[in-house]
Amino acid sequence: MSAAHQQVTHDLLRPLFHTTWRFFLLVAVFGTIVVFGLSAWATQAYNGFGVTGITWPVFWGSYVTSFVFWIGISHAGTLISAILRLVDAGWRRPVTRCAEAITAFALMIGAMFPIIHLGRLWLAFWLAPYPNDRFLWPNFRSPLVWDFFAINTYLAGSVLFLFLPMIPDFATVRDRSTGFRRRVYGLLALGWRGSPKQWHRLETAMSIMAVAIIPVAVSVHTIVSFDFSMAPVPMWQSTIFGPYFVAGAIFSGIAGLIIAMEAIRRFLHLQAYLLPIHFDNLGKLLLLMALLWGYFVFNERLVTYYGNQPSEMAVFWRTQRESFAPLYWTMVTGNFVLPLILLGIRRFRTIGGCVIASLGVVMGMWLERFLIIVPSLGHKYLPYSHGSYEPRPIEFVVAGSTFAAMTLLYVIFAKLVPIISIWELKAGASGEAGHS
Amino acid sequence: MPKWGMAADLDTCTGCGACVTACHAENNISTVGPDQAARGRAKHWIRVERYWEGTFPDVRVKFRPVMCQQCDQAPCEPVCPTYASHHTENGLNAQVYNRCIGTRYCANACPYNARFFDFFNPSWDKPLHLQLNPDVSLREVGVMEKCTFCVQRIKAATSAAKAEDRPIEDGDVTTACAQACPANALVFGDLNDPESRVSRLARSARGTRLLEDLGTQPNVTYLSRQTV
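Those sequence lines, one after another, are chains A and B. Heads up, the first sequence is in this note's numbering, so the first residue is 1 and it goes up one at a time. Heads up, the second sequence is in this note's numbering, so the first residue is 1 and it goes up one at a time.
Chain A on its own, in the form it takes in the complex (with noise of 0.2 Å):
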């Protein structure tokens, strides 16, 4: 093994083995947020879901908005880095392993919104088909059972698929520990030995589920905005929401991917394996999504517009420029304005500009489930039962210990496995070394 290979299997395995102040720290403050979070929560199931600020006829608000957020979020991970590896981009090398571990965590904490918000959370389990002695099955016309299942399958393929290239990982780890965590890295390590026939075998289950995973992610935000495009609302029933969601997650995906790397950049010293070349190439995929949603937006104001239904119409004017007009261009200038000029121009391409564009995409999408859901729900056909929703203190706080429970998952798996793929930075280094 090279002096560099040492170098970087030792600076790779540095968090793992150096366990500082700062980590605590870090788990502690995160942690009390989560605790937090979770009292608030059963607090809610205990008193009833009415300490909500849901009301008739917005029955749905900001934990749903969270709930496609999330799930939004998750597809950094397997789409970038399916799709990188399929074209063999070299550059992704470092950045694949950040990228999926957000798609797990995020899905985690996705999937736990609609249990969140169920009037009954107690009965969740009755969307899942179990055999009984009364032969009741859900309904598989609903497309919350669709998404059931559709997040299921997402969350076991993109576990497997961050899973895979963490066994050459763990074997490393396992040869160069000892006594318990040898054990139990040992037993993660699938008794893994380096021979030729296991790296077949894993390249070949790793290009499989590459494969196989991207029409699940495609299909996973489908069905996420059939929720809305099935029902008869004013501004949901639209055939554009399918590709106008999948756009959307990948879009706040990537830019939760960036900040995730800048953190962890500066957290665990990696400066030399995240390079302003990754962040540059991110950024410009972030750009590219930033136009392809603008032009969704577009679109899909411009059919609204040019179909002129008088309920339609209520409900645009309420987000273009009455009682939702601030929080709509907050939207548009987060999701659109700022990436265009900070990544559009090379100047401001930095790191730095990269993180400040993400932050202002993961607002403006959560403000977009946001609008996409309370407008339409407040305005619905009859004058009469017009109405409005306001998130309550409790859902803020619900929904912002979720933000603590994915950093908290984040710090806790930084600790357990080497963030950045050894084995794949290794084989970067020497397939270049290779070629020249």
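Read the hints as simulated data drawn from the structure, not as lab findings. Glycine included, C-beta positions come from ideal geometry on N, C-alpha and C. Possibly wrong hints are sitting among the right ones.
[Claimed, not checked] Residues on chain B that point at chain A, a partial pick, calculated with CB under 7 Å:
#, residue
1, G40
2, Y83
3, G102
4, P111
5, L214
[What the hints assert, rightly or not] Computed Cβ-Cβ distance ranges for the label pairs, DEER-style:
#, chain 1, residue 1, chain 2, residue 2, range
6, B, G17, A, F396, 36 to 44 Å
7, B, A38, A, T19, 50 to 58 Å
8, A, F298, B, G54, 34 to 42 Å
9, B, V61, A, E322, 24 to 32 Å
Given chain A's structure and the hints, the job is docking chain B onto it.
Okay, now just chain B, sitting in the frame of chain A:
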């Protein structure tokens, strides 16, 4: 097999609200108190919508009683993940409270906003807890509820007719709202019986259906106003 329907005559409706009160009493609908009601959480399975036309002083008011329209193509039914909202064989949109997990998707899909959510466990100020109708189940926190066309009365009348070995006839059963209406603006009955009062009214030239262009095929007919 009867197909239950209703007709509401907008010419005779005075907007008195007797139907709303009768419905609350018949169906054990809990009141939520002024604070919750102000936040829009009151549960009125039937409501009298008021619309004002013209400008002061030449103002005209229109009343429209709106309850679950018991649609033939009900948007609330396919979206329910657990079949809590489903179609019965005699054309009712049934809501099985015990099967409801509270996704509230049905309420979003309903274009009439005729569905209501139990945000808290129901409670009644004493002695109102003694007046509950034993034929209607109480709903716990977290479930959706809505107008059932007084399904408990339909069941009772059907059983009574069966016991006497005769088909159910027009006038055997009526809903609490129709029974309480002093102006007889609400008429309930079997749409499959061409001679029933509700059938004749449903065929009337004055008959319209609410938001018919959405394709929900409601079973409630509104007789439009003739007086100008």
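Violations among the numbered hints, reported as their numbers in ascending order: none
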